[in-house]
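J.: Single-letter residue listing:
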Amino acid sequence: MDLLQFARGPALKFALIVFCFGVLWRLTAVFLLRHERTLSEPRHPVFRALMGGLLAAGSRSAPHREFIRRTGYSEALGYSYHIGLFVVVLAFGPHIAFLKSLFGVSWPALPNNLVTVIAALTLTLMLAVLLRRLTHRVLRLLSNFDDYFSWFITALVIVTGLMASTHFGAPYEQLLAWHILSFDALLVWFPFGKLMHAFYIFPSRAINGYALARKGASV
Amino acid sequence: MPEYQARQTIGELLDRQGISRRAFIKYCTAMASLMALPPLAGRAMAEQLRAARRPSVIYLSFQECTGCLESLTRSFSPSIENMIFNVISLDYDDTLMAAAGHRAEAARDQAMKANYGKYLVVVDGSVPTADGGIYNCAAGRTAVDILTETAKGAAAIVCVGTCSSFGGIPFADPNPTGARPVSDLIGDKPIINVSGCPPIPEVITGTLLQFVTTGQVPDLDEHRRPKVFFGNTIHDRCYRRPFFDQGKFAKTFDDEGARNGWCLFELGCKGPTTYNACATTKWNGGTSFPIESGHPCLGCSEPGFWDKGSFYAALSTGTFGRAGNLTPRDAAKLGGAAAATGIAVAAGATALARHRRKVRMTDIQTADTQKEE
Amino acid sequence: MSRLGDIPIRIERPDFAAMAGTIGGGVTAILAEIAALLDRLAAGDEPQAIDLKSLPMNPGDREQLIEALGSGEVAITLYADGESTIRETGVHGVWWTEHRDGDGEVTAAFIEIARVPGILIVDSDELQRGAERLRSAIGATRSSE
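Chains as they are written, first to last, in this note's numbering: chain A, 1 to 219; chain B, 1 to 373; chain C, 1 to 145.
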């Protein structure tokens, strides 16, 4: 069994199992967390509070007008590289083939050269994000191993993917093996690190929004 | 082998057969082009070969289907196909030779004795090693035995086909005969692997010709294949590559994309990880090659190509599942089971935590009550 | 129907004309290389050749190249294990060479940049063998007289 076979075979299988297991474990665990009973009288009926929660899940995605001068740069960075990641993951032909093998649906791909350029841009933006994390004093104090490792594993998948698609540095089958292996590693790390935000972000905003709306605050 | 033939140069032999110098230059020019040498290098090659003596070649067939030999003997036009047999002296080949039985074996012994240390061994087929190697015997001897003996006096071994190079189909899981590639069994001789199922005939003759011309093992890749023929992937040289780059793929064998000749990646093409000359040299005298005929590359010149998952699943997909490739059904089963376990574990852990907390709270309350008393 | 090319087949190909320039470097690069090789030949260098079989060319490119080079004064047919054609292009010293095998399939195709195509030149061995052959023919005639 060569490296590529290992990456596509046992390693990918293990990674997918760990990913599904881990994600559901953590989601369930958070869902079943003990909540302190809210003793205050609800200011809004349940339905309105729920709507408030949904609203918050969306509205928190827009930058807050008052702070835009302070947060604008990092929000623009964050948005751009996340969009880049989505395009690279969802619009590259071979990725679509992979997703099709998982979910049975497929869609047209973007030209490879375009995806390669977007991937390179995304990587550059991620470097800028890392630089900001390292130079911003408060952010640096807030950061732990999890932040850096989650960044690293994501960047590694992009770097190996770029190398594979541009045939840079090693024979293609090795580059592809490294790319798939790094993706396998990402899948394993995903549920246990901050990458899990992909699943947490909207529910947590919604729950916050619900709690606020229940108290009668405008969301 | 008659004595005079051994002393004769290739040029003298060609002259006697009425093959002119120019005809031979033409042949060498064609071969030079295949080897990515400058076309005019064919002339130098022709002169060098004409002055050289024909090396003795012993062709051994083991666990194989004779497809490789078919490929070689059907190589482009009849006159050119014969040319390689003017350049080498094929002294033993149990499939092609007229002699049979003891006489055939005697020819091998004689060729070995007369050219000890100088002859070339061509091996076709993998070598079974299970149960004492009984699954492939000729003249009462096992393939392992014949190979070991013949390899002793060889200048080099050329493995023709994926079976002798990497084990091939007999080697495929579960490998009931314990098939092994030649390189697993012979460690002390230069080995050149000309893989493919079968290899392109021009690649076989080109490799032989290169060895006869220079007397040296050519530049080899990590799988001991000549770099001149196996230096590029099919994908790198594929005329459908622009469609891959444009993200245009055939999704089935008869959709619009397939009819337009779009990239076959999603239909399982192994071109990106397969090193061979199909996309440039092509087959049947340059007529076509599988991808040009609308079928994805199977990756037949790569080690273990038979066991690398479905031929029809894209390279970027998993190689596990019922049919050796990941399907949504497999994924749903696998992911569902893992997710259900995740939920169960989390629920169990939470219930346990709550129970413990409850016990602890009860303990505290009891302690408080006792204090009050 | 003895030749492969006689079998009628219809190949659906992508529109190469529309994709001109996407595969291979195009005709200009080849013309520039020929010009450079002509300079070197004039300066006393060895003849050189450009392999047409190994160049990734679109059918359109090939026709463009033929058109750009034009046709010249010399056309040679070589009968050696199949017909070969060597034609001088409109540019002196640039020879369009195609070797064919006994079935008429092209086995080698290249542009040779030389004063005279090298394959035409007879080597000394052949001259000697020719002379010997003639002498033995004369000898045979004399002895039969």
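Hints may be right or wrong, so weigh each one.
As the list claims (entries may be wrong) - No farther apart than 27 angstroms at their CA atoms in a straight line, the calculated lysine-lysine pairs in the DSS-like style are these:
1. B:K251 to B:K333
2. B:K282 to A:K100
3. B:K227 to C:K53
4. A:K100 to B:K118
5. B:K282 to A:K13
6. B:K152 to C:K53
7. B:K189 to B:K113
8. B:K371 to B:K333
9. A:K13 to B:K251
10. A:K13 to A:K100
11. B:K251 to A:K100
12. B:K282 to B:K227
Stated by the list, open to error - Simulated restraints, written as ranges between beta carbons of each label pair:
13. B:G140 to C:S124: 50 to 56 angstroms
14. A:M51 to B:T369: 57 to 63 angstroms
15. C:S71 to B:A98: 36 to 42 angstroms
16. A:P203 to B:M361: 27 to 33 angstroms
17. C:G90 to B:G187: 57 to 63 angstroms
To be verified - Here are some chain A residues pointing at chain B (derived, C-beta under 7 angstroms):
18. K13
19. F21
20. W25
21. L32
22. L90
23. F98
24. L99
25. S101
26. A155
27. A170
28. Y172
Bear in mind the hints are in silico, worked out from the structure with no lab data behind them.
No experiment lies behind these values; they were computed from the predicted model shown.
The C-beta atom is built at its ideal place from N, Cα and C for all residues, glycine as well.
J.: Please go over all the hints and tell whether each is borne out by the structure.
T.: Okay, the hints, checked on the actual structure:
no., hint, in the structure
1, B:K251 to B:K333, "holds (24 angstroms)"
2, B:K282 to A:K100, "violated (32 angstroms)"
3, B:K227 to C:K53, "holds (18 angstroms)"
4, A:K100 to B:K118, "violated (55 angstroms)"
5, B:K282 to A:K13, "violated (37 angstroms)"
6, B:K152 to C:K53, "violated (40 angstroms)"
7, B:K189 to B:K113, "holds (18 angstroms)"
8, B:K371 to B:K333, "violated (56 angstroms)"
9, A:K13 to B:K251, "holds (25 angstroms)"
10, A:K13 to A:K100, "holds (16 angstroms)"
11, B:K251 to A:K100, "holds (11 angstroms)"
12, B:K282 to B:K227, "holds (17 angstroms)"
13, B:G140 to C:S124: 50 to 56 angstroms, "holds (54 angstroms)"
14, A:M51 to B:T369: 57 to 63 angstroms, "violated (46 angstroms)"
15, C:S71 to B:A98: 36 to 42 angstroms, "violated (51 angstroms)"
16, A:P203 to B:M361: 27 to 33 angstroms, "holds (28 angstroms)"
17, C:G90 to B:G187: 57 to 63 angstroms, "holds (59 angstroms)"
18, K13, "holds (5 angstroms)"
19, F21, "holds (4 angstroms)"
20, W25, "holds (4 angstroms)"
21, L32, "holds (4 angstroms)"
22, L90, "violated (12 angstroms)"
23, F98, "holds (5 angstroms)"
24, L99, "violated (9 angstroms)"
25, S101, "holds (4 angstroms)"
26, A155, "violated (20 angstroms)"
27, A170, "violated (11 angstroms)"
28, Y172, "holds (5 angstroms)"
Against the hints set out earlier in the document, violations occur for numbers 2, 4, 5, 6, 8, 14, 15, 22, 24, 26, 27.
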